[in-house]
Amino acid sequence: MTEALAANALLYLDDVKVSFDGFKALKGLSLTIEPGEMRAIIGPNGAGKTTMMDCITGKTRPDEGEVLFEGGTIDLTRLDEATIAELGIGRKFQKPTVFESHTVEDNLYLALKSDRGPFATLFHRLSGTEAARIDELLATIKLTERRGDLAKNLSHGQKQWLEIGMLLAQEPKLLLVDEPVAGMTDAETMETAALLRRIHASGKSVVVVEHDMAFVRELGVKVTVLHEGGVLSEGSIDHVANDPRVIEVYLGR
Amino acid sequence: MITHFLMNGLDARVRIALVVIVAIAILVPASNLLLPPSSPFHVPTYLVTLFGKYATYAVLALALDLVWGYCGILSLGHGAFFALGGYAMGMYLMRQIGTRGVYGNPILPDFMVFLNWKELPWYWYGFDHFAFAMVMVVLVPGILAFVFGWFAFRSRVTGVYLSIITQALTYALLLAFFRNDMGFGGNNGLTDFKDIVGFNVQAQGTRASLFALSCLLVAAGLVLTAAIVNSKLGKVLIAIRDAESRTRFIGYRVATYKTFVFTVSAMLAGLAGALYVPQVGIINPSEFSPGNSIEAVIWVAVGGRGTLVGAIVGAVAVNWGKTWFTGVLPSFWLFALGGLFVLVTLFLPKGIVGTWSEWRAKRRAAPPADATPAPAE
Chain A
1 MTEALAANAL
11 LYLDDVKVSF
21 DGFKALKGLS
31 LTIEPGEMRA
41 IIGPNGAGKT
51 TMMDCITGKT
61 RPDEGEVLFE
71 GGTIDLTRLD
81 EATIAELGIG
91 RKFQKPTVFE
101 SHTVEDNLYL
111 ALKSDRGPFA
121 TLFHRLSGTE
131 AARIDELLAT
141 IKLTERRGDL
151 AKNLSHGQKQ
161 WLEIGMLLAQ
171 EPKLLLVDEP
181 VAGMTDAETM
191 ETAALLRRIH
201 ASGKSVVVVE
211 HDMAFVRELG
221 VKVTVLHEGG
231 VLSEGSIDHV
241 ANDPRVIEVY
251 LGR
Chain B
1 MITHFLMNGL
11 DARVRIALVV
21 IVAIAILVPA
31 SNLLLPPSSP
41 FHVPTYLVTL
51 FGKYATYAVL
61 ALALDLVWGY
71 CGILSLGHGA
81 FFALGGYAMG
91 MYLMRQIGTR
101 GVYGNPILPD
111 FMVFLNWKEL
121 PWYWYGFDHF
131 AFAMVMVVLV
141 PGILAFVFGW
151 FAFRSRVTGV
161 YLSIITQALT
171 YALLLAFFRN
181 DMGFGGNNGL
191 TDFKDIVGFN
201 VQAQGTRASL
211 FALSCLLVAA
221 GLVLTAAIVN
231 SKLGKVLIAI
241 RDAESRTRFI
251 GYRVATYKTF
261 VFTVSAMLAG
271 LAGALYVPQV
281 GIINPSEFSP
291 GNSIEAVIWV
301 AVGGRGTLVG
311 AIVGAVAVNW
321 GKTWFTGVLP
331 SFWLFALGGL
341 FVLVTLFLPK
351 GIVGTWSEWR
361 AKRRAAPPAD
371 ATPAPAE
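Going line by line, the protein sequences match chains A and B.
Heads up: the first sequence runs through residues 1 to 253, numbered per this note's numbering.
Heads up: the second sequence runs through residues 1 to 377, numbered per this note's numbering.
Certain hints may be false.
Heads up, simulated DSS-like pairs for lysine-lysine below, C-alpha to C-alpha not over 30 Å straight-line [stated by the list, open to error]: (1) K142(A) to K232(B); (2) K113(A) to K232(B); (3) K232(B) to K59(A); (4) K350(B) to K322(B); (5) K95(A) to K59(A).
Treat the hints as calculated values from the structure; they're not laboratory data.
If you're wondering where the values come from, they're calculated on a predicted model, not measured in any experiment.
Based on the provided sequences and hints, a complete structural model is requested.
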């Protein structure tokens, strides 16, 4: 049964347990993301959302459980961050992290899918295809006007978009997006939802971790609610919003 | 590919610096050798040697700026690589003494005869050949940096912890080289050199040539480091400096990049040390002292880290100041150096060259005063 589930899934987490100095961050988390699916993950602080991302991207090794990628063929718990990134999992951090002293363009240039070895990059020259791809990405994230500016001079929302653009430049199969609209204006939030829907429509799987309910509703996808290191509820936004357990721990109060 | 790579770094600032350095490399030795001492343009030999020494410091500063200014690795032990290159050159120079030593032993250097050693230790083999010694000048610091970097960077040691380990590295080498049993002359080090590739090291012509070579090494080091920092790899280094984990999550192996740049930097420092030794005439364990490495950090900070040309400017300026200051108030130099570091950190955080280019950029951005159209009458 589990084999069958894993074989069809792009990302498959089964009974993942992580603890830090006795604190159980994940208590048997199971989650399946289908190829081409967009999923929203919500949950109160300390529910284990970021730890889950750390397990998928190789930053944290689970104490127990399986984290499999691409139909169960790849065991992510054995690989380092760089290898996982090259396999096609892109991650956006909660706090926008871009290369502040590089231009917007160079941020994307560095993220473009290419040979990551030091000698390959030492002698690398920007090709026409790459330049065209950068132009395309700049248009997608609406930063064409700012291409020559240093990333540190961007607004908070623009940094978030640039970081999403850098994920796209890696040509990942799966994007993990941690709180993309934190600190954004309402207009920027809606713009970001549209951007993520466009990315999803282009055939990529996306996992969005978010607090903002209006934003999650705007995405209009299946929602997983995490609570105390496990899955509390799963389904459409209306389904989870009416689940009494969810109301008790998260929405109500 | 290589030509494009090397040309890639030559922006306006680097070009100007190269022209100046090459001009100095030609003009100073020419004035020293061709003009009579009475001429006002004659540069005395002691100054030629002094500035030759500064040039080797400038190369050390360039090496340090590459790792600190661009990759954020604050090495407080770069003097170790400089000293190792110096020792490799010193070993070659010792073997050139031959029978002219105090004890007249054709094989063993004086200090080994003095310690009653009967034969040359295995690690001294080959150092009678100049080419072999030159290979060792880059290989020994390179291998040490590679092994050190491999372990430190793979274990993700960063920031102040890394700085402390590099400091410990150079201190450990200092203690090791002090021991007579090591076979590097103990606390006296290696000295009394006679010849370098057949020329007397004391001769005016040799000194002028060593000066010119040191300047050319500065120029070559500048071309190399500028090419590295302007390549895509250089952009990755800056990315690592700015946001290390972001770099990792877009698929770059940070440890590999750090090890690469640390090794290149150590090799460059080794070359600098090799040209330093014949000019000062001695290499001893005090070159490993942590204070030397920290001074090198101050040169780079004063000149402007992450500017390359600034490292050269800083190394020459601070050392010139040191020569002058230790002549006037010898016991206060360390206070002056410490004070300089504090002042630069507070008031000139970008260093001389960094502040200069910022000022230039600002002036270019602001519309020039005389360009405003005159009001119509």
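Evaluated hints:
1. K142(A) to K232(B): 24 Å, holds
2. K113(A) to K232(B): 13 Å, holds
3. K232(B) to K59(A): At roughly 26 Å apart (the allowed maximum being 30 Å), K59(A) and K232(B) satisfy the hint.
4. K350(B) to K322(B): 21 Å, holds
5. K95(A) to K59(A): 16 Å, holds
Checked against the numbered hints above, the structure breaks none of them.
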